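Novice: The lines below spell out each chain.
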Amino acid sequence: MSLAPASDIVGTEKSRGRLLGLLLVAIPVLLVFCMIIYPIISAVVTTLWQADANGKVGFTLKTYQFFFTDGYSLSNLWLTLWITMVGAILLILICLPIALYLRFAKNRLAAYVQGLAIFPLFVPAIILSFAFIRVLGPNGAVDLLLNAAHLPKIRTPYLTPMGPLIGLVWDHIPLTVLILLAGLGSVSDASIEAARDVGAGRLRLLWHIILPRVGNSILVALSFSVLGIFSSFTIPYVLGPAAPEMMGPFMQRTFRDLYDPENAITQAVISFFFCIAFGLFYVRSVVKNQRAR
Amino acid sequence: MKRRDFIISAGAMAAGATLPKLAIAAANRIDWYTSSDQNIIDFWTNIIKPKFEAANAGVTINLVDANDSAGLQAIESRALAALGSSADPQADFFEGSDARLPAGAIDKGLYVDFTKEKLSNASKINPLAKDLPQNGPYRGSQVLLAFDTTKLSADKAPKTWADLIAWIKANPGQFIYNRPDKGGSGAGFVKRAIYEANGKDPSVFKVDNYDAATSGPMLQKGFDILKDLTPSLMGQGAYTSGNTQSIQLLSQGAATMIPAWSDQSLSAIKQGVLPDTTGLVQLSDLGFPGGFTWNTIPTNGVNKALAIKLQDFILSEEIQSAIVTELGGFPAVSWDNVSKELHDKYAALIPTSIPVFPSGAWEKAVNDGWYRNVAPNVDRSK
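From first to last, the protein sequence lines are chains W and Y. Anchor point for the first sequence: position 164 equals 164 in our numbering, and the numbering is continuous, going up by one each time. Anchor point for the second sequence: position 264 equals 264 in our numbering, and the numbering is continuous, going up by one each time.
Isolated chain W (complex conformation) (with noise of 0.2 angstroms):
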């Protein structure tokens, strides 16, 4: 896909097209600082300067100290980290070969596959994890049929770490399948053929002529669900075990529950340079790709 150039949209006239540019790009820029950077900021200052025992306020690292000596809230990061890492991998597992099978599959099966791919992206996160309960829950529609069938009862992944596993894994599929696909049609037919044509198997075809045109997608689909499995809320909060717990709900508890709103913005800021990290990768290859063109 190619943008046409900024000129034929704002005109070539150079100081009014200038003028408005800006002007059209203000809105944006400005909705970022204020509802994006200036919290940021506004938290990492709140978390960094508290008042002390005495009540003078300085700077101190003192809810930072407690959170990294805190047993229990390491056992939420590694949590957090365990479910976001394995469900980022079980992801690219599942979707590569969808997004594989939809890119070149021209039969009308495909269609019907990729509504059935895109479809959770239409069911709120709420009424996914009440449906999990009645199929996966405890005499669940799993439990039934397998009753049905004289099997004995799975152990069900509610309230279990995979309980949110499952159904983060379900609700990121839509978005991870569409940037896959969008990756793989720059994959030409014609290179595809090219190579078939000199005798490249299957395997061969995707390790040199498709994995490296989708390298950037791969990175772009990983980092997107990445941030999504990390910053979940309501499927953790309503599947998860008690303890411990991810740091969505743990974040929300602190602040609403224990009315501390230091600990909560302490949790917050980590959180938050946790998934800047993923944020960069993806940068960085949206970056790339521009350089490239």
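If you're looking for bench data, these hints aren't it; they were derived computationally from the structure. Small disclaimer: the values here were computed from a predicted structure and weren't measured. A few of these clues could be false.
Subject to a maximum C-alpha distance of 25 angstroms in a straight line, what follows is the list of computed SDA-like cross-link-like pairs (lysine to any residue) [stated by the list, open to error]:
1) Lys206/Y to Trp335/Y
2) Lys309/Y to Asn46/Y
3) Lys130/Y to Phe119/W
4) Lys56/W to Ala212/Y
5) Lys153/W to Lys169/Y
With chain W's structure known, arrange chain Y on it following the hints.
Specialist: Only chain Y this time, still in chain W's reference frame:
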């Protein structure tokens, strides 16, 4: 029209459309927000709103669902931000609110102090329901045990704490309660365990007597009882994330017994969410603690006087009786102040003393302590 002119004008129009509509609170319209569930909104829509509007000609109540506490707090924060300026908070009444939130609201004087407003019904309020002077109680609910009578006949249902513990241990995997911060039914169960560990004496726990040094060990004794129960719970220590999820597990036949809110179980049975074969029982040695729901009124609301009148109105005998009959809750006024027949009818069912566990510091300590002591104690290997 040139393309760029078209884009510019279209953009300008689109930008114009996104400007916030100027909303101004109307006189004589009480802008009411709630954090409660649908059954409460229905109760207000069908009972309180028509009655109050009939009694006060020209006044309307604008019922708005703020979804949950966090949603309500967002509206309260808006009122807090408007405080001291001439800005209009567009809010007059918060149902299911707690004046402790948003943080600092009390110090800045956001909420009306009900003790200074001379409500005509103030003297009727049950002393147990009183909290901060800014929190105006109007309804309460108690936690009961809800159970499946097809698996456990009503006459064998536990009637005391000791029976309950014995039953849970004898029937592993059949009992589940929710996390204490996520819903009051699980919280009631946790607090009942804490009472049990401290001589079954609710009077030990007061709003203002929490002290980390002495209170911590008191709570710990309760947590020890709960930790001991963990292997006998569903999933060897699974805890649902809310009242509704527990009810769902009971309705799916996965659990045999859960702690549940009285009002929620009654409406669930009425709506068929729970089958008719659901039994309800309260412990007779000491009931599960219940809780009262408070309202707050912002001092800068345009219709503050009317909102205070509304708070007084819902403490009247008529509405307080309706809370018992229509909502399945219990009144915030003493039982002498609901209709005589109701008093007689429910006297046997509802114990005269529903213990009320203090909120604030105690509640915070229970929630935090439970997550740190009881919840991680899960053995998933079995």
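Novice: Hint numbers the structure violates, sorted upward?
Specialist: 3
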